[in-house]
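Novice: Chains A and B, in that order, are what the protein sequence lines are.
Each number in our numbering comes from the position in the first sequence (counting from 1) with 169 added on.
Each number in our numbering comes from the position in the second sequence (counting from 1) with 394 added on.
Rather than coming from a laboratory, the hints here were simulated on the basis of the structure.
Any given hint might turn out to be false.
Unchecked claim - Listed below are the simulated DMTMM-like cross-link pairs for lysine to aspartate or glutamate, each with C-alpha atoms no more than 20 angstroms apart in a straight line:
id	chain 1	residue 1	chain 2	residue 2
1	B	Lys505	A	Asp541
2	B	Lys503	A	Asp324
3	B	Lys503	A	Asp541
4	B	Lys503	A	Asp530
5	B	Lys441	B	Asp414
6	B	Lys503	A	Asp288
7	B	Lys589	A	Glu548
8	B	Lys589	A	Asp541
9	B	Lys505	A	Glu513
10	A	Lys353	B	Asp417
11	A	Lys220	A	Glu495
12	A	Lys353	B	Asp442
13	B	Lys609	B	Glu445
14	B	Lys609	B	Asp487
15	B	Lys575	B	Glu613
16	B	Lys589	B	Glu621
17	A	Lys353	B	Glu445
18	B	Lys589	A	Asp324
19	B	Lys503	A	Glu536
20	A	Lys517	A	Glu507
21	B	Lys589	A	Glu549
22	B	Lys428	B	Asp414
23	B	Lys495	A	Asp547
24	B	Lys505	A	Glu495
25	A	Lys353	B	Glu620
26	B	Lys503	A	Glu548
27	B	Lys418	A	Glu536
28	B	Lys495	A	Asp287
29	B	Lys495	A	Glu549
30	B	Lys418	A	Asp354
31	B	Lys495	A	Glu536
32	B	Lys503	A	Asp287
33	B	Lys505	A	Asp324
34	B	Lys495	A	Glu495
35	A	Lys353	B	Asp414
Quick caveat, the model's predicted, so the values are computed rather than measured.
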Amino acid sequence: MTVESTAARTPRRSAGSKAGTTGTKRTTRTTAKKDAGAEPELVQLLTPAGKRVKNAEYDKYVAGVTPEELRGLYRDMVLTRRFDAEATALQRQGELGLWASLLGQEAAQIGSGRALRDDDYVFPTYREHGVAWCRGVDPTNLLGMFRGVNNGGWDPNGNNFHLYTIVIGSQTLHATGYAMGVAKDGADSAVIAYFGDGASSQGDVAESFTFSAVYNAPVVFFCQNNQWAISEPTEKQSRVPIYQRAQGFGFPGVRVDGNDVLGCLAVTRWALERARAGEGPTLVEAFTYRMGAHTTSDDPTRYRGDEERQAWEAKDPILRLRRYLEASNHADEGFFAELESESEALGKRVREAVRAMPDPDHFAIFENVYADGHALVDEERAQFAAYQASFADEGGN
Amino acid sequence: MAEKMALAKAINESLRRALDSDDKVLIMGEDVGKLGGVFRVTDGLQKDFGESRVIDTPLAESGIVGTAIGLALRGYRPVVEIQFDGFVFPAYDQIVTQLAKMHARSLGKVKLPVVVRIPYGGGIGAVEHHSESPESLFAHVAGLKIVSPSNASDAYWMMQQAIQSDDPVIFFEPKRRYWDKGEVNTEAIPGPLHKAAVVREGTDLTLAAYGPMVKLCQEVADAAAEEGRNLEVLDLRSVSPIDFDSIQASVEKTRRLVVVHEAPVFFGSGAEIAARITERCFYHLEAPVLRVGGYHAPYPPARLEEEYLPNLDRVLDAVDRSLAY
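Use the sequences and the hints to build the structure in full.
Specialist: Dropping the structure here:
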C-alpha cells in the first residue's frame, strides 16, 4: 500500500490582510463638552424643575413642538410607565417568567422614539418598551417572550421595529448592516440602534462603530447609559464618558440628559438628520438611570444604596415634563385626569390579554426552524408526533 | 456549456453568475475586492461589479457576519467570505446566536439568505488556524445548513443553490482541492442541494465522505480494488441535513460503513452518522460503523499534518478492520 501523497504543496498563505476602506467623508465634530464631576455636562433643554433652558445648538430641533405634541410626549411616557408597572406586577403574579423594567428611562425612549419617521428602522435591546410604543407595536406583543410563549411575537417589518435582542450588543451590527443597505438603496431613511452602557464594552459594538464609520452608514447609535449593567457601574465599563468613544472612530458623539424628553427628541432629530444627509453615524449617550432592578430576578440592594436612587428620583423624566406643562399652562387638570383613566384602562387591557395568552401548540417547536425545510426537522417532528399519538392509543391524552 | 475548470474557478464563475442575475447578491469579506481573496476565489468580481457589490470589509469577522445579517434583513443576499476556517470563531456568536435563530425567533417573518463561505481543511502546509475543519461545530446548530462540495461541478451548482436558499448556508470549501480541475456544465439541471451522490458503486463496504475526503476515498477504492475488494463511495455533499436515506440504502447493500472526515472523530459528523445508521440498519450491519478522522488534539504543525489527517493507509486500515468482522 502506498501512502497518499500530499506533496503537491501550495504556497503557504496567511491572513496578513489589510482592511478595505471606501474613502468616505468623515466628520469629527464632537458636540458635548468634558465631564464636570458628579453632574456631567450634557445637552439639557428641560431641567429637573421643569424649566425650559435655551440651547443655541439644539433648540431649533424642537422649535416647532406644539403644546399638543408636548402633551403627547407626556402621555407616551405615562402610558409606557403604566404598562411597565403592569408587566412587573404580572411577573410577580406568575403570569410572566421575567420582566425587564424601563422605569426611569421613559424620556430617553420616548424622546428618541418620537424623533423617528415611519420608514426609519429600529434595532432594540430587550428593554425598549417605550420605543416599541412609539412604533405602534401592541404592548401585549412584547410580553409573549417574557411569558414564554414565543421568542419575539411581532413582525419586525410591520412597524420597522426589529425583534428584541437579548445577547448584549449584537443588534448594533444588524443595524449597521441594515443602514448599509438603506444607503445602497439610495433611500433617505435612517436606522437607530439601541444599546446600554454595559454593551459599550462588547466587541460587536466597537465593530459596528468601525463598519458604520468606514461605510458612512446612516445609523444613530443610541446608548442609554442607565449607570448599571446589572450590578456593575459604568466605571467598570469605561474610563472615558461613553459618548467620547465616537471620536476615535471618526464620528461625533454627544451626551444628552436622558431624563429630558425634549433634549432626547432634539439630539436624536439632529443625529437622524445627519444620517439622512449622508453624513454617517452618530453616537448619542442618553445619561439616565435604571430606577428599578435589572430584571425581576435582580436584587439591586446587594450593590447600590437608596441615596443614589433618591437623587435620581428628583430628576424623574415624567415629573419634570408635568411641571413644565403645568407652569406653562399647556395642560389642565382634565388632561391629567383623563390620562389617569386611560392608564388604568391600558393596565387592564394588558393584564387581561396576558392572562388569555394561550400556550403554544407543542408542534411549534418544529416550526420556522428553516425557511426551506430540513430533513432532520421533518424526521424528528414525525417521531414526536408518533410519540404523542402513542398516548392517545392508550386512551389517555 | 461544459468547460473544464479548477474548483476555485468554478466558485468564482458561480459567484459571477449570481451577481449578474440578482442585484441583491453581494460579496463581502477581507481582501475579496482588488486582491480577489487570498485564494483568488473572488478574482475580478469587484472590477466587474463594483465596490458596492463586492465589498472589502474591515478585518472583523463578527462585523462581517453581523452586518450581513442586517443587509439580509434589508432584502440583500450577502455571500460573505471568512478568510480561513480558524478565523470563523470571532463570528461564531453572530452565526450561532443570531443568523441561525432569527427566522425562528421571528416566527418565520424574516428570512436570512446569507451564505458564509469558509475555505477549510488541511493538507496545504499552512500555519496554525489555517487547516481546521469546524463543520460539526455548526452542524450542531439548528437553523444552519452546512454543505461542502468535493468537485468543480458541485462547487459551481451548490453555490448557486446556496445563494438561492432562503436559509443561512455555511459553505465549506475544500481548500486543498481548489486547484483540482473538473468538468462544469453551466447549463445542467442540478439535483437537490442536500442529496448525497454515489460516486463509485460497490458491494463490499461503503465509504462515506464529503469535501476534501471524497477524492481520498476514491483513491482508497481504487487501491482496494487491486486487492479484489469492491467499495462503494458516497459523496455526502451536505452535513446538515445529512442524506441518511442514501447512506442507509448503500449500507443495506454493502452491510459495512466507514466514515471519513478531516475533522476530529470525537463528536464529529461521523459519530452522528454512526449512531443513526446503527439505528436504521442494525440488522443489516456486519460490523460496527468505523470512523477515520483527526485526533483529539489541536491541529498539528504542518510537518505533522500527514500523520494527523486521514490518508490512504489509515482508511484502508479501517476498511480491513471492518471487513474482518
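Novice: Look at each hint and say if it fits the structure.
Specialist: Now for the hints, and whether the structure bears them out:
no. : hint                : verdict
1   : B/Lys505 - A/Asp541 : holds, 10 angstroms
2   : B/Lys503 - A/Asp324 : holds, 6 angstroms
3   : B/Lys503 - A/Asp541 : holds, 13 angstroms
4   : B/Lys503 - A/Asp530 : holds, 18 angstroms
5   : B/Lys441 - B/Asp414 : holds, 13 angstroms
6   : B/Lys503 - A/Asp288 : holds, 18 angstroms
7   : B/Lys589 - A/Glu548 : holds, 16 angstroms
8   : B/Lys589 - A/Asp541 : holds, 15 angstroms
9   : B/Lys505 - A/Glu513 : violated, 38 angstroms
10  : A/Lys353 - B/Asp417 : holds, 11 angstroms
11  : A/Lys220 - A/Glu495 : holds, 11 angstroms
12  : A/Lys353 - B/Asp442 : holds, 17 angstroms
13  : B/Lys609 - B/Glu445 : violated, 37 angstroms
14  : B/Lys609 - B/Asp487 : violated, 33 angstroms
15  : B/Lys575 - B/Glu613 : holds, 16 angstroms
16  : B/Lys589 - B/Glu621 : violated, 31 angstroms
17  : A/Lys353 - B/Glu445 : holds, 11 angstroms
18  : B/Lys589 - A/Asp324 : violated, 33 angstroms
19  : B/Lys503 - A/Glu536 : holds, 12 angstroms
20  : A/Lys517 - A/Glu507 : holds, 15 angstroms
21  : B/Lys589 - A/Glu549 : holds, 18 angstroms
22  : B/Lys428 - B/Asp414 : holds, 18 angstroms
23  : B/Lys495 - A/Asp547 : holds, 17 angstroms
24  : B/Lys505 - A/Glu495 : violated, 49 angstroms
25  : A/Lys353 - B/Glu620 : violated, 59 angstroms
26  : B/Lys503 - A/Glu548 : violated, 24 angstroms
27  : B/Lys418 - A/Glu536 : violated, 27 angstroms
28  : B/Lys495 - A/Asp287 : violated, 27 angstroms
29  : B/Lys495 - A/Glu549 : holds, 18 angstroms
30  : B/Lys418 - A/Asp354 : holds, 10 angstroms
31  : B/Lys495 - A/Glu536 : holds, 12 angstroms
32  : B/Lys503 - A/Asp287 : holds, 19 angstroms
33  : B/Lys505 - A/Asp324 : holds, 12 angstroms
34  : B/Lys495 - A/Glu495 : violated, 48 angstroms
35  : A/Lys353 - B/Asp414 : holds, 17 angstroms
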